[in-house]
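S.K.: Top to bottom, those sequences are chains A and B.
Position 166 of the first sequence, counted from 1, bears residue number 166 in the numbering used here, the numbering being contiguous throughout.
Position 143 of the second sequence, counted from 1, bears residue number 143 in the numbering used here, the numbering being contiguous throughout.
Just so you know, these hints were derived from the structure itself, not from any lab.
List time: in silico BS3-like cross-link candidates among lysine-lysine, alpha-carbon distance up to 30 Å:
#: 1; chain 1: A; residue 1: Lys326; chain 2: B; residue 2: Lys35
#: 2; chain 1: B; residue 1: Lys339; chain 2: A; residue 2: Lys142
#: 3; chain 1: A; residue 1: Lys5; chain 2: A; residue 2: Lys285
#: 4; chain 1: B; residue 1: Lys35; chain 2: A; residue 2: Lys31
Every beta carbon over 10 Å from chain A, so not counted as near; a handful from chain B, in silico:
#: 5; residue: Ser8
#: 6; residue: Glu14
#: 7; residue: Val27
#: 8; residue: Lys75
#: 9; residue: Val80
#: 10; residue: Met82
#: 11; residue: Gly94
#: 12; residue: Asn96
#: 13; residue: Asp109
#: 14; residue: Asp112
#: 15; residue: Gln132
#: 16; residue: Glu179
#: 17; residue: Ser280
#: 18; residue: Gly324
#: 19; residue: Asn385
Every residue gets a Cβ at the ideal spot worked out from N, C-alpha and C, and that includes glycine.
2 protein chains.
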Amino acid sequence: MFLSKLDSINEAREKIYSHQKVMGSEVVPLKEAHKRVLAEEILSFHDSPPFDKSAMDGFAVKAENTFGASNSAPKTFKIVDMIGAGSESNKTVGENEAIIIATGAPIPDGADAVLMKEYTTTEGDEVTITSQVTPGENVSPKAEDIKKGDVVLPPNTFIRYQEMGLIASAGYGEVKVYEKPRVKLIITGNELVEPTKEDLKPAQIINSNQFTISSMIEDSGAVFSIGRARDTFEDVKIAIEEASKEYDVVMTTGGTALSKGDVVLDVVEDLGEVLLHGVSIRPGKPFGAGIVNDTMVFAFSGQPVAAMSQFDMFARKYLFEMQGRKFDFEIVERVSQLKIPSQLGRTDFIRAVSDDDTAKHVLNRGSGIIRSMVEANSYIIIDENDEGYQKDDIIDVVFFDSMTW
Amino acid sequence: MFLSKLDSINEAREKIYSHQKVMGSEVVPLKEAHKRVLAEEILSFHDSPPFDKSAMDGFAVKAENTFGASNSAPKTFKIVDMIGAGSESNKTVGENEAIIIATGAPIPDGADAVLMKEYTTTEGDEVTITSQVTPGENVSPKAEDIKKGDVVLPPNTFIRYQEMGLIASAGYGEVKVYEKPRVKLIITGNELVEPTKEDLKPAQIINSNQFTISSMIEDSGAVFSIGRARDTFEDVKIAIEEASKEYDVVMTTGGTALSKGDVVLDVVEDLGEVLLHGVSIRPGKPFGAGIVNDTMVFAFSGQPVAAMSQFDMFARKYLFEMQGRKFDFEIVERVSQLKIPSQLGRTDFIRAVSDDDTAKHVLNRGSGIIRSMVEANSYIIIDENDEGYQKDDIIDVVFFDSMTW
Numbered sequence: 001m002f003l004s005k006l007d008s009i010n011e012a013r014e015k016i017y018s019h020q021k022v023m024g025s026e027v028v029p030l031k032e033a034h035k036r037v038l039a040e041e042i043l044s045f046h047d048s049p050p051f052d053k054s055a056m057d058g059f060a061v062k063a064e065n066t067f068g069a070s071n072s073a074p075k076t077f078k079i080v081d082m083i084g085a086g087s088e089s090n091k092t093v094g095e096n097e098a099i100i101i102a103t104g105a106p107i108p109d110g111a112d113a114v115l116m117k118e119y120t121t122t123e124g125d126e127v128t129i130t131s132q133v134t135p136g137e138n139v140s141p142k143a144e145d146i147k148k149g150d151v152v153l154p155p156n157t158f159i160r161y162q163e164m165g166l167i168a169s170a171g172y173g174e175v176k177v178y179e180k181p182r183v184k185l186i187i188t189g190n191e192l193v194e195p196t197k198e199d200l201k202p203a204q205i206i207n208s209n210q211f212t213i214s215s216m217i218e219d220s221g222a223v224f225s226i227g228r229a230r231d232t233f234e235d236v237k238i239a240i241e242e243a244s245k246e247y248d249v250v251m252t253t254g255g256t257a258l259s260k261g262d263v264v265l266d267v268v269e270d271l272g273e274v275l276l277h278g279v280s281i282r283p284g285k286p287f288g289a290g291i292v293n294d295t296m297v298f299a300f301s302g303q304p305v306a307a308m309s310q311f312d313m314f315a316r317k318y319l320f321e322m323q324g325r326k327f328d329f330e331i332v333e334r335v336s337q338l339k340i341p342s343q344l345g346r347t348d349f350i351r352a353v354s355d356d357d358t359a360k361h362v363l364n365r366g367s368g369i370i371r372s373m374v375e376a377n378s379y380i381i382i383d384e385n386d387e388g389y390q391k392d393d394i395i396d397v398v399f400f401d402s403m404t405w
Numbered sequence: 001m002f003l004s005k006l007d008s009i010n011e012a013r014e015k016i017y018s019h020q021k022v023m024g025s026e027v028v029p030l031k032e033a034h035k036r037v038l039a040e041e042i043l044s045f046h047d048s049p050p051f052d053k054s055a056m057d058g059f060a061v062k063a064e065n066t067f068g069a070s071n072s073a074p075k076t077f078k079i080v081d082m083i084g085a086g087s088e089s090n091k092t093v094g095e096n097e098a099i100i101i102a103t104g105a106p107i108p109d110g111a112d113a114v115l116m117k118e119y120t121t122t123e124g125d126e127v128t129i130t131s132q133v134t135p136g137e138n139v140s141p142k143a144e145d146i147k148k149g150d151v152v153l154p155p156n157t158f159i160r161y162q163e164m165g166l167i168a169s170a171g172y173g174e175v176k177v178y179e180k181p182r183v184k185l186i187i188t189g190n191e192l193v194e195p196t197k198e199d200l201k202p203a204q205i206i207n208s209n210q211f212t213i214s215s216m217i218e219d220s221g222a223v224f225s226i227g228r229a230r231d232t233f234e235d236v237k238i239a240i241e242e243a244s245k246e247y248d249v250v251m252t253t254g255g256t257a258l259s260k261g262d263v264v265l266d267v268v269e270d271l272g273e274v275l276l277h278g279v280s281i282r283p284g285k286p287f288g289a290g291i292v293n294d295t296m297v298f299a300f301s302g303q304p305v306a307a308m309s310q311f312d313m314f315a316r317k318y319l320f321e322m323q324g325r326k327f328d329f330e331i332v333e334r335v336s337q338l339k340i341p342s343q344l345g346r347t348d349f350i351r352a353v354s355d356d357d358t359a360k361h362v363l364n365r366g367s368g369i370i371r372s373m374v375e376a377n378s379y380i381i382i383d384e385n386d387e388g389y390q391k392d393d394i395i396d397v398v399f400f401d402s403m404t405w
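Chain A with its partners taken away, still in its complex shape (with noise of 0.2 Å):
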């Protein structure tokens, strides 16, 4: 597994995709639905709204006995009954009368418009009305956002708070959703320690690649949980063997250096199928996955920003769809505010800032060097069958921002 053996991203991508699995379904409350994934159709089992609705305070009329009313030529109607929203009137609107009426109460049978109070003065049971409204004037009618029987959602939609809402007025207090894949983090490095603001013992080195992935692994809709190998074959095995066994997703950092003897694809292969161990890209060209116990493998490199990019290019769709939810990088063009070399046969998602007309990548970009992933907002993909870009090219760019669950 060398150089000459590199897989293209595509066909690494192909490999991995071909072992997507999904997760189940579970039945939640609608209040804890929020962001989740639906794994059933709503069907709406109610007209919404139930009845014509008045949208305002005011009077319920019939229309045409308004027309012509002005501030000149007010007219008077008789006040017959009043409904509060939650109520209804058993009344009918007769001619030159009205019915007072709430917002969100039913309108009453006669009536075909309500006038807004603002418009009107009462006294006794007369009111005096200065204004005029056409038929169907404030009224919400029966079944304008939803028709009973009618699917709103399709399954696999994303529960953003719109959806929330939709949910519940086609009447469901609780919903089907795709369970959360649990994820196994392992961190390999004997040089890693915990945050400390004490000076490091030398050869040390603090372990960031645990904070960075598993906030990314929430960023997909999963949840993790973290683990440490010593960067031992039988430790590594130990640890690999036990996460496929109890995680939907088991990911590594560190040992995937693309010599012999590296150890996390070593224990890989020994104890399932390496997919693939080396990819042609930039950053992150250490990179393997692998199945164990029918379990998904992402062995990241240990280089903190190689380790993002992997984790955007290869596990982010891969949780995604885990969770029955389409992810595809969302590519926009954008005007090149620098030149960048690349090399053919090569894949770069190359960190930049990026507005709406252009992108400039960020100069200072070695794998280690986690503060070109702060400065950055996006990546400038660059494809393996170009040899870069000059000032003023129109380049691919695809925003973190539209990578987040």
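Given the structure of chain A, go ahead and fit chain B onto it with the hints provided.
M.R.: Just chain B, lined up with the frame of chain A:
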């Protein structure tokens, strides 16, 4: 408070944001800081990397000793030591000597480059190389990412996954962040019932606002608790008074009609101060805001779409900035696919489907039509000084995704 006294959207915003409150701070473990906002400066306690670090598995050498090495002219080095990750060597690399080194380990004295394992063959204590390296090759220099003592993040930075890694590398295992605002959402409306698949009784309507607005509160980084109040002055008064003492923000839905005697704003006036009632916007004219017990009260319409739009126009920014996070609409320009009429003096937030080039408003857009929000991914904003647009005009668009936490 009626038509002639409607505030413009900007007047309403000024009245609200001149009462902007900012939460206090709390210290949380870094693991829990993802998507929080920094309430302190992050100053690095370490160089990162803390030493010249090998970026590859291979051999630490003096680069100049490798010059000229190739497949046809291999060179041989004496292996004098071996450094695993987390270890160091007390040996110095001399002329034509090499030390075996793991990714992440410190470069030993005397060496200035790492030759990748892949370009070598080892026999006993000798390694034969067939490739040359330049000084610094495969070495991540000390402090290339972060320099000890540098401010790496200013206060009020939103903590994405990238920032998580940078904060860890700076040495912080816990971090000071703004507290999350606790919002009490009070639903008024006697007609409202919980979602049910059973037939509704006459005049009943399903309470969908509790789901949409609470989800929008979550999407603004805050936490919520939902309460109900009947449409009477006394009930609403008790609810708002209690909430104003116990929560950081109060929000209500319903009872905001601009006619006299609508209950929510009357209660706010009774308990505290009404800042505004009625804004020249569409949808959402019947919006109010006030201060009770030094707590901001947002009084949203009972109409689902009006309430969501009012939240976007007024409450999001307030909740973001309570947490020290700046919020402004990210307005982008798009080509209108349809003619859009509007009215001078009124600001319209029109639900639309937009992409990277165009915007097209959703046609069915009554303020009760939740489906119109479900179909949309953006607002077209029409300023109060514009009378609308023709097809192919350039218009202002805000994507929903650009407003989320």
